[in-house]
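S.K.: Take a look at the letters that make up each chain.
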Amino acid sequence: MNKEQSKTVIFQPDGSVDTFKQESVVSTSSRLQNYNEQLKDSLNSGIAFTELLDRLINTSDPHELLDSAMQLISYRLNSAFLVFPQQYSRSDFYLIFLSRLLQQHNSDQLILQSSEHNHELYQEFPGINNQGYFVFQVDPVNEGGAYYVEKQNGAQLFYLNFAKHIVKFNAAAITSLLVENYHEKFVYPTVRKFVLLLIKMGKFFKEDFGFDVDFNILDQSNSAVYAIIKSDIPQEALDKLFVVASRAGYMLQTGPKGEAILDLKSGLVVTFGTEHQLIGNKKEQWAINVKDREATLSWFDLLFNYDFIRDWYLDNINTLEIQVDPRYFN
Amino acid sequence: MANTNEFVLSDHDTATSAVIKAVVSKSRYLETLHAALKDQDDRLVYQLIDSEKYAREVQQARHISADPSNEALVEDLHDKLSAFLSKKLITFLRKNYPFFYFEEIGEGQYQFYFGNWWGRRLFGTLDVLNVSFNFDEVEYHKLARTFELETQQKRLNSDQIEQISVENDQLQELIDSQDKRDEEKANLRSQIKQISQEKVMPWEANRQKEEKQNLIDQLSKLTEVDETSNNAYQQIRQNESRILELSKEDTLLSYEKQSIVAKFGSFENFEAKNQVLYRDYIANLVTIQGQVNADE
Chain A
1 MNKEQSKTVI FQPDGSVDTF KQESVVSTSS RLQNYNEQLK DSLNSGIAFT ELLDRLINTS
61 DPHELLDSAM QLISYRLNSA FLVFPQQYSR SDFYLIFLSR LLQQHNSDQL ILQSSEHNHE
121 LYQEFPGINN QGYFVFQVDP VNEGGAYYVE KQNGAQLFYL NFAKHIVKFN AAAITSLLVE
181 NYHEKFVYPT VRKFVLLLIK MGKFFKEDFG FDVDFNILDQ SNSAVYAIIK SDIPQEALDK
241 LFVVASRAGY MLQTGPKGEA ILDLKSGLVV TFGTEHQLIG NKKEQWAINV KDREATLSWF
301 DLLFNYDFIR DWYLDNINTL EIQVDPRYFN
Chain B
331 MANTNEFVLS DHDTATSAVI KAVVSKSRYL ETLHAALKDQ DDRLVYQLID SEKYAREVQQ
391 ARHISADPSN EALVEDLHDK LSAFLSKKLI TFLRKNYPFF YFEEIGEGQY QFYFGNWWGR
451 RLFGTLDVLN VSFNFDEVEY HKLARTFELE TQQKRLNSDQ IEQISVENDQ LQELIDSQDK
511 RDEEKANLRS QIKQISQEKV MPWEANRQKE EKQNLIDQLS KLTEVDETSN NAYQQIRQNE
571 SRILELSKED TLLSYEKQSI VAKFGSFENF EAKNQVLYRD YIANLVTIQG QVNADE
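Protein chains in written order, with my numbering: chain A, 1 to 330; chain B, 331 to 626.
Since the hints were derived computationally from the structure, they do not count as laboratory data.
The reader is advised that the hints may include incorrect statements.
[To be verified] In the PhoX-like style, the derived pairs of lysine-lysine whose C-alpha atoms are separated by at most 25 Å in a straight line are:
| id | chain 1 | residue 1 | chain 2 | residue 2 |
| --- | --- | --- | --- | --- |
| 1 | A | 240 | B | 425 |
| 2 | A | 257 | B | 425 |
| 3 | A | 151 | A | 230 |
| 4 | B | 484 | A | 265 |
| 5 | A | 240 | B | 578 |
| 6 | B | 484 | A | 257 |
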């Protein structure tokens, strides 16, 4: 407590100001009162926190859910007067939020678990849970942001930022975890279920909160163009694809505008070309487009299912890798 | 009294009728051509622009009385005539040569690609007036060679790819054996050092010198190998690009071959058909004309 003699300032009714030293008796009483006030504030802040947590856990209103989560991730529960020794971390609140969001949509495929050992919460997905689990890692740079990370592999599957209202999927992590790694361990339907859940989460963010969601390599829309890291024509890679596709019994065709077309089966075509060639915008950036009759497949699905495409893509990843937002992934 | 010193000149009336006859002939030629164009009678146009070829190649045609010299009248219209005649011809060719893709490169000028696959080759130009393909000689030869190699179950570039692959394996081995070489070199150097320090009797000096030279030679040989090994990565990379190029060409050729076999059965049949393309096409025009007339 402040040992220094504090000065008392008295504002007279006539507007003049007198300053003089208090007697120490008065000072102590004031300090006690001050202390008590601070304590009350701290307790109230604690109560307010529990109310927020109540809402996070129980509300059925998506906006209340988002609001409580946003407040909780920046909540300073401890004060100089009151310390709570048992607390959840900021990343835990992201996880609780996500679990609750899924729950509100009656989707319970991701199971929220708590680890006594690591003192943290984590999510696991039935079917792939013997190979790892998922947590959030708070973005150290941008306020309100966190990465959804597979703990074993470190793959940052997507980035979520409450303040910027964005969700961005990460092609590099999805390729390394879901294509390279999981392909050896799990069958397609299992991984597909997980991917569909990720897409569903993205859609909830979009529909419930109006977030800007970049599905990136998982985008199922037929008009989705996956820009590759090489901006101009990946000639050598396409020549290679022509050769390996032929060996696999597929013919890489040339389109009327100079794009490369791979007809995989009836109602499933993948095209490589500039965005201008693919969807008619003004960009000369080279990209990949997947069209399927039901518009339920993305570049990810083709990578998982067609061995020759996967091998080819991974062999030429230095030119073909799908671009991600460089502001959040490096 | 007439001047008897004058030469006798040819009769003016004869001259008049001769020139009129010639002009009428030309005029008739142009009128006939005009009518043929208006009637979309491609067959007749072909006959009119090269009556000799028509008579020679279209066996069933009757003797053509038209004066071939009239054909010179439309020589400067060849591009326009080609543009006119290309419509029906290319429709015919698309049906009979479904693997050729025609691209217009100027009035009445067409080039064609073989196939619709990635990296397809530009295969030649179309001579509309003569109904024939001017194949790109280099590309055509590669295709012909591919068919020849069929009996050996080889592709055009199989041998070359094999040879470069072997070279790459050897280069890779050089890179992989670097550690072993380094060890050998260290060993040789220490041997050389040892020999240099050895004191020997004068009568052994020569033998010792030889031994040392031998070791030095071995060492420089290894150093040479090191140099090759240093450039190996780049060479391997270059070889890989070359292999890709050759594999791509082989793939193209295999598609071309398949296309020809699917439509013609064999390369010989394909060539034989090309030889009689003009006649076949005129016959086709006659048939179409016959159908049109029958419908009327």
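S.K.: Does each hint hold? Answer for all of them.
M.R.: Hint-by-hint comparison with the structure:
no.	hint	in the structure
1	A:240 to B:425	31 Å, violated
2	A:257 to B:425	23 Å, holds
3	A:151 to A:230	30 Å, violated
4	B:484 to A:265	30 Å, violated
5	A:240 to B:578	8 Å, holds
6	B:484 to A:257	34 Å, violated
The structure shown violates the earlier hints numbered 1, 3, 4, 6.
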